[in-house]
Amino acid sequence: MQLLDIPTLVLVTVAVTALAGTLFGMLWLQSRSETSYALWALAHGLGTVGCTLLALRNAVPDVASIMVANAVICTGYGVLWAGLRTFFRLPPQPFWALFGTIVWLIACAEPSVYQSVTARIVVLSVIVGGYSFMTAFDAWRGYRQEPLRSGFAIILLHLLHGLAFLLRIPLAILEPVGLAQGMPASPWFGVLSFETMINVIAIGYLYMVMAKERAEAGLRAAATVDPLTCVSNRGAFVDATVALMRRRRRGGVLLLADLDHFKRINDRFGHLAGDHALIRFCEITRSELPPDALIGRLGGEEFGVFLPEADPATGRAVAERLRAAVAATAIVYHGDRLPVTVSIGLAECGPDADFGVLFAAADRALYAAKSEGRDRVASSIGKMAAARPTAAPGAGSSPAVPRVDTAAATGMVGAGQPVVSRRAS
Numbered sequence: 000m001q002l003l004d005i006p007t008l009v010l011v012t013v014a015v016t017a018l019a020g021t022l023f024g025m026l027w028l029q030s031r032s033e034t035s036y037a038l039w040a041l042a043h044g045l046g047t048v049g050c051t052l053l054a055l056r057n058a059v060p061d062v063a064s065i066m067v068a069n070a071v072i073c074t075g076y077g078v079l080w081a082g083l084r085t086f087f088r089l090p091p092q093p094f095w096a097l098f099g100t101i102v103w104l105i106a107c108a109e110p111s112v113y114q115s116v117t118a119r120i121v122v123l124s125v126i127v128g129g130y131s132f133m134t135a136f137d138a139w140r141g142y143r144q145e146p147l148r149s150g151f152a153i154i155l156l157h158l159l160h161g162l163a164f165l166l167r168i169p170l171a172i173l174e175p176v177g178l179a180q181g182m183p184a185s186p187w188f189g190v191l192s193f194e195t196m197i198n199v200i201a202i203g204y205l206y207m208v209m210a211k212e213r214a215e216a217g218l219r220a221a222a223t224v225d226p227l228t229c230v231s232n233r234g235a236f237v238d239a240t241v242a243l244m245r246r247r248r249r250g251g252v253l254l255l256a257d258l259d260h261f262k263r264i265n266d267r268f269g270h271l272a273g274d275h276a277l278i279r280f281c282e283i284t285r286s287e288l289p290p291d292a293l294i295g296r297l298g299g300e301e302f303g304v305f306l307p308e309a310d311p312a313t314g315r316a317v318a319e320r321l322r323a324a325v326a327a328t329a330i331v332y333h334g335d336r337l338p339v340t341v342s343i344g345l346a347e348c349g350p351d352a353d354f355g356v357l358f359a360a361a362d363r364a365l366y367a368a369k370s371e372g373r374d375r376v377a378s379s380i381g382k383m384a385a386a387r388p389t390a391a392p393g394a395g396s397s398p399a400v401p402r403v404d405t406a407a408a409t410g411m412v413g414a415g416q417p418v419v420s421r422r423a424s
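So for the sequence shown, numbering that gives the first Met the number 0 puts the first residue at 0; every next one is plus one.
Check before you lean on any hint, since a few could be wrong.
[Said to hold, decoys possible] Lysine to aspartate or glutamate pairs mimicking EDC-like chemistry, simulated, CA-CA at most 16 Å apart:
no. : residue 1 : residue 2
1   : Lys369    : Glu301
2   : Lys211    : Glu33
3   : Lys262    : Glu301
4   : Lys211    : Glu145
5   : Lys211    : Asp225
6   : Lys369    : Glu319
[Unchecked claim] DEER-style ranges, computed between Cβ atoms:
no. : residue 1 : residue 2 : range
7   : Thr21     : Gln92     : 23 to 31 Å
8   : Arg267    : Ala239    : 29 to 37 Å
9   : Asp351    : Thr21     : 53 to 61 Å
10  : Arg267    : Ser30     : 35 to 43 Å
11  : Met25     : Leu173    : 26 to 34 Å
12  : Lys211    : Glu308    : 20 to 28 Å
13  : Leu162    : Ala327    : 54 to 62 Å
14  : Pro290    : Arg143    : 14 to 22 Å
15  : Gly334    : Arg263    : 14 to 22 Å
16  : Val190    : Val112    : 22 to 30 Å
17  : Asp351    : Ala239    : 17 to 25 Å
18  : Gly372    : Val208    : 53 to 61 Å
If you are wondering where the hints come from, they were derived from the structure by calculation, not from laboratory data.
The model shown is predicted, which means the values in this text are computed figures rather than measured ones.
All C-beta atoms, glycine included, are put in the ideal place defined by N, C-alpha and C.
With the hints as extra help, turn the sequences into a complete structure.
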């Protein structure tokens, strides 16, 4: 008994595939640097052509509705796989993207395969199932590097589609598919054709979601990361530090680092040399900090580092190690060694300390390091006293920066605002 009408399923699949291909094409026109969108549009376009030829089984020659149609569909699956690899910055492997089509055409050159519905189903199922598993595997590889929320669903989707196509092989052998008006007629064939239609819809939706998630992640990074040094910007650093202080409630140490005589570097070697010095300083800092430390650019040549749960001795040791590493590293720009050193002020906070109070103490220590001759570490005296809890972002304050009651005393300004240093470099 035929539960589902095969021609109707094919026509609906044509419509949804064409729609998905159009949407991917529009997406690519808006972001032409993303080749994966173009490949996905092409894959769905090929699927549309292939399914259309299948639907015209009684109106076009068999060579078009069988050999050519399925060759185009195989190519579409290969291009879809190549597009996903491209999305995750993997080589597209064009030969393997076309390998399934080559296998299909070679198989059709054998009369015993071309004239047998069962043999054609077996060959096509191996090809499509193989591409589905390959796509699932590369989606898993991409998910490990870039854990987008839609990644797991995409992996599962391709795995299930591959299993559905492999299931066709024993079913085609045990219960051969008949033909009705040139179209396959079998209850199981209709059910699995319905699965293909659902898969096309799900792929279109989930791939769009995946592209949207990456775009949103890029916007979040642009809003929270300093584009020159690739460390957190001021607002993101303050937010992360306050959140960590509130969550762990075990205190920590804040370091404020300022490159010495930075204006002289800019004036003597040029601003590009100054940019290079900032980039190299951040690279050195990352290599010297423990894994759980936070680092952010507060403005100009000033940086903040928060060491959660660190005691004063540990904080001092980290600061001294960082200062020594910067002084010992030859930072060279176009053959000129840049005279880069750093002064660091540090302050310790208790479990309930206010960030503004902590910042003020570290700022005073940094002033002391500068006034004592630069290229040195200075610390605030004693432990930070507990203060009124810091306001949560959005609670009567800027959404990016918590309220700091000592802002007037410290010269601290809101996130994203220009910072004018009051101290000499």
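Evaluation of the provided hints:
1. Lys369 / Glu301: holds, 13 Å
2. Lys211 / Glu33: It holds: about 12 Å lies between the C-alpha atoms, which stays within 16 Å.
3. Lys262 / Glu301: Given that 16 Å is the threshold and the Cα spacing comes to 12 Å, the pair holds.
4. Lys211 / Glu145: Holds. Lys211 to Glu145 sits at ~13 Å (cutoff 16 Å).
5. Lys211 / Asp225: violated, 22 Å
6. Lys369 / Glu319: With Cα atoms ~15 Å apart, Lys369 and Glu319 stay inside 16 Å; holds.
7. Thr21 / Gln92: 23 to 31 Å: This hint holds: roughly 26 Å between Cβ atoms.
8. Arg267 / Ala239: 29 to 37 Å: This hint holds: roughly 35 Å between Cβ atoms.
9. Asp351 / Thr21: 53 to 61 Å: holds, 57 Å
10. Arg267 / Ser30: 35 to 43 Å: Given a distance of about 42 Å, which is inside 35 to 43 Å, the answer is holds.
11. Met25 / Leu173: 26 to 34 Å: Since Met25 and Leu173 have Cβ atoms about 44 Å apart, the given range 26 to 34 Å is violated.
12. Lys211 / Glu308: 20 to 28 Å: violated, 37 Å
13. Leu162 / Ala327: 54 to 62 Å: holds, 58 Å
14. Pro290 / Arg143: 14 to 22 Å: Since Pro290 and Arg143 have Cβ atoms about 19 Å apart, the given range 14 to 22 Å holds.
15. Gly334 / Arg263: 14 to 22 Å: holds, 18 Å
16. Val190 / Val112: 22 to 30 Å: holds, 25 Å
17. Asp351 / Ala239: 17 to 25 Å: For Ala239 against Asp351, whose Cβ atoms are near 18 Å apart, the range 17 to 25 Å holds.
18. Gly372 / Val208: 53 to 61 Å: holds, 57 Å
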